[in-house]
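J.: One-letter residues, chain by chain:
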Amino acid sequence: GNSVTQMEGPVTLSEEAFLTINCTYTATGYPSLFWYVQYPGEGLQLLLKATKADDKGSNKGFEATYRKETTSFHLEKGSVQVSDSAVYFCALSGGGTSYGKLTFGQGTILTVHP
Amino acid sequence: EPEVTQTPSHQVTQMGQEVILRCVPISNHLYFYWYRQILGQKVEFLVSFYNNEISEKSEIFDDQFSVERPDGSNFTLKIRSTKLEDSAMYFCASSDQGQETQYFGPGTRLLVL
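In the order they appear, the protein sequences are chains A and B.
No gaps in the numbering here: position 99 of the first sequence is 99 in our numbering, and each next residue is one more.
To convert, count from 1 in the second sequence and add 1000; that's our numbering.
Just so you know, these hints were derived from the structure itself, not from any lab.
This one's a predicted model, so the numbers in the text were calculated from it and none came from an experiment.
Worth double-checking, as some hints may not be accurate.
To be verified - Below are the DSSO-like pairs computed for lysine-lysine, each with C-alpha atoms no more than 27 Å apart in a straight line: (1) A/K52 <-> A/K68; (2) B/K1057 <-> A/K52; (3) B/K1042 <-> A/K52; (4) B/K1042 <-> A/K60; (5) B/K1042 <-> A/K68; (6) B/K1083 <-> A/K56; (7) A/K77 <-> B/K1042; (8) A/K77 <-> A/K52.
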């Protein structure tokens, strides 16, 4: 079945540092890939998505590229802010027989210090 | 901007009791989902619902669970006889097409004592 693996956290950075959160996936077919963010005390919000190979999703300075050859969708941001502190989830949908259902990674806690 | 809403935000119940978690999806959406997140663990898919029937469910979604769209706006998750291990955050989500972006509600934190 489908699965998503994220880098272990937590990740602690200083403001303006470069961020990478690794995400790899296993799926048959051509899934859509997503990054969701969960701020403290809130629900899941879509951060960005990509629906086909080599697509780059971007939002709020974050970006991720759908790499089919390495089955990866790593999240990057060039300069993080304190307000980016949250839990980040990589997810996929589609691919094979699974229709619509999202499969999530375990989440990565990001803390950004001033 | 339209959003998914969920009530209650917190629910405490005794083991063996029935609970109903309520969701109001975005109004023009056709696909509805429930997920749960046990503290410190992954967000897990429970069930998807389209055209007034379940389209997919996970192994977690056993006979103790049921979903219903009782009217044109609400989408509910019922747990018939709660267990301690049902304690989790439950998220409702909706989308306008099965493969497109799912929009999540803020969640209901369920605590079973």
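J.: All hints are to be evaluated individually against the structure, with a verdict given for each.
T.: Okay, the hints, checked on the actual structure:
no.: 1; hint: A/K52 <-> A/K68; result: 9 Å, holds
no.: 2; hint: B/K1057 <-> A/K52; result: 26 Å, holds
no.: 3; hint: B/K1042 <-> A/K52; result: 25 Å, holds
no.: 4; hint: B/K1042 <-> A/K60; result: 24 Å, holds
no.: 5; hint: B/K1042 <-> A/K68; result: 24 Å, holds
no.: 6; hint: B/K1083 <-> A/K56; result: 43 Å, violated
no.: 7; hint: A/K77 <-> B/K1042; result: 23 Å, holds
no.: 8; hint: A/K77 <-> A/K52; result: 21 Å, holds
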